[in-house]
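Asker: Order-wise, the sequence lines are chains A and B.
With positions in the first sequence counted from 1, the corresponding number in our numbering is that position plus 53.
With positions in the second sequence counted from 1, the corresponding number in our numbering is that position plus 53.
For the record, the hints were derived by calculation from the structure and aren't laboratory data.
Please note: incorrect hints may appear among the correct ones.
[What the hints assert, rightly or not] Listed next, the in silico SDA-like pairs over lysine to any residue satisfying Cα-Cα at most 25 Å (straight line): (1) B:262 x B:275; (2) B:70 x A:110; (3) B:70 x A:100; (4) B:70 x A:101; (5) A:70 x A:183.
Since we're looking at a predicted model, the values are computed, not measured.
There are 2 protein chains.
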Amino acid sequence: MTDDTREPPTVVVVDAKTPGNVGTIARAMKNFGFSELLLVDPPELDPDGEAYGFAGQARADVLPSAREVSFDHVLETYHTVGCTAVTNEDDRNHVRFPYSTPADLAERLPTVEGPTALVFGRERVGLTNEELARIDEICSIPANADYPVLNLGQAATVTLYELRDLALEDTQLPDVERVRAPEPALERLYDNWEGLLEELNHPEGKREKTMRMIRRVYGRADPTEREVNTFLGLLRRATERPDRRE
Amino acid sequence: MTDDTREPPTVVVVDAKTPGNVGTIARAMKNFGFSELLLVDPPELDPDGEAYGFAGQARADVLPSAREVSFDHVLETYHTVGCTAVTNEDDRNHVRFPYSTPADLAERLPTVEGPTALVFGRERVGLTNEELARIDEICSIPANADYPVLNLGQAATVTLYELRDLALEDTQLPDVERVRAPEPALERLYDNWEGLLEELNHPEGKREKTMRMIRRVYGRADPTEREVNTFLGLLRRATERPDRRE
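Only chain A is shown next, with the shape it has when bound in the complex (with noise of 0.2 Å):
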């Protein structure tokens, strides 16, 4: 988030059939963060049944909670993205065109400050050209051109995923992906291998080739400190052979 005090967008479910993809999306919301779920005209959500057996965690918090409100409240509340398999159409359509990628809106909705709902229609028809009238603007999830048509808690799952910076502080992952091996160790290692060559007769001609194709393949790798200790023993190991020695 790019502000303490901004509400991540809310995510709005109209006309629902299948309560376990109600349960679907639920689970979704919570592992990205987000957790202000509206529901309009809702099947039941059986507390025993699919929509909780769906939810996983988030059937302590994001399902409970979920409110039941009408498609004008939502309209006149908030900012509305209406989720959409748009498919060929054009700027001669009005209703799906222009559209936004999940990706776009990732880019443009920290930019801007004020309530935003994300709005998914129904299983098999999705929302209708009106509802689609109504709604500010439009996101499509890009797709096979055979068959663009994403069940429903899968794409909110991808769109809720692009958007998770709108909602997560942090994820799970550690800040960086890689801890690259300090440099002093990766030159150890480099002259190690030197040393291997060496103790391998490999031809002295070819040698300095060698040793640049050993750094690349180090260098695209990003070896972590530990990993790099493990090829210094073995080098080392290579090198003297002390299972060798009399």
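For this one, chain A is given, so just place chain B on it according to the hints.
Answerer: Below, chain B alone, put in the same frame as chain A:
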């Protein structure tokens, strides 16, 4: 795809318990252009059951073409990417760190030729540490630190969505998301607004500032020609007020 001869990654599901998840994965594969599905220790996939029920149009191709193989076969045949919910691991953990995110893979995999498999584990426990240890690299979806564990079908959907460019030639979406109206149409629009301001006796001293604001709003919205034409018509009528003529 960057190369017509390149095969998109194969999808491998290890020891899934729920046929519905296999169907969900097959559907996401079809939505994002993947076709080869391998199953290690799969549940029974009854043509009248949930796997086929959840597969959408993938019930006609991806799912019936799925082959049962051994985990060893996968390791011997492919560069394997194991998908798992890493939780705050760091460089002291050899098995789950370093990792890549799906977005990283989407950047790197198109630059590498060779058969690749995306490997998804069973529900609840995912891939075991023993399985991960035999795999070439780890992929992890950034999610809520308090609840990073996605449902199997949802994790596969997000990963395949991110990697769609490896499998799809084209999406259903037009090449452009907007076709901005031609500049002469936009200039006509601004002229008409100026005409309306004059007609409304908008204070002379404020006109320039108001026009700048109007240009900025339309400038950010990238309106289509059809949208501009709609405004042109409205402005003309607002300026001329034919309804007020005697």
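Asker: A separate judgement is required for each hint: does it hold in the structure or not?
Answerer: The hints, checked one at a time:
1. B:262 x B:275: Holds, at about 20 Å.
2. B:70 x A:110: 20 Å, holds
3. B:70 x A:100: Holds: residue 70 of chain B and residue 100 of chain A sit about 23 Å apart, inside 25 Å.
4. B:70 x A:101: 21 Å, holds
5. A:70 x A:183: It holds: about 19 Å lies between the C-alpha atoms, which stays within 25 Å.
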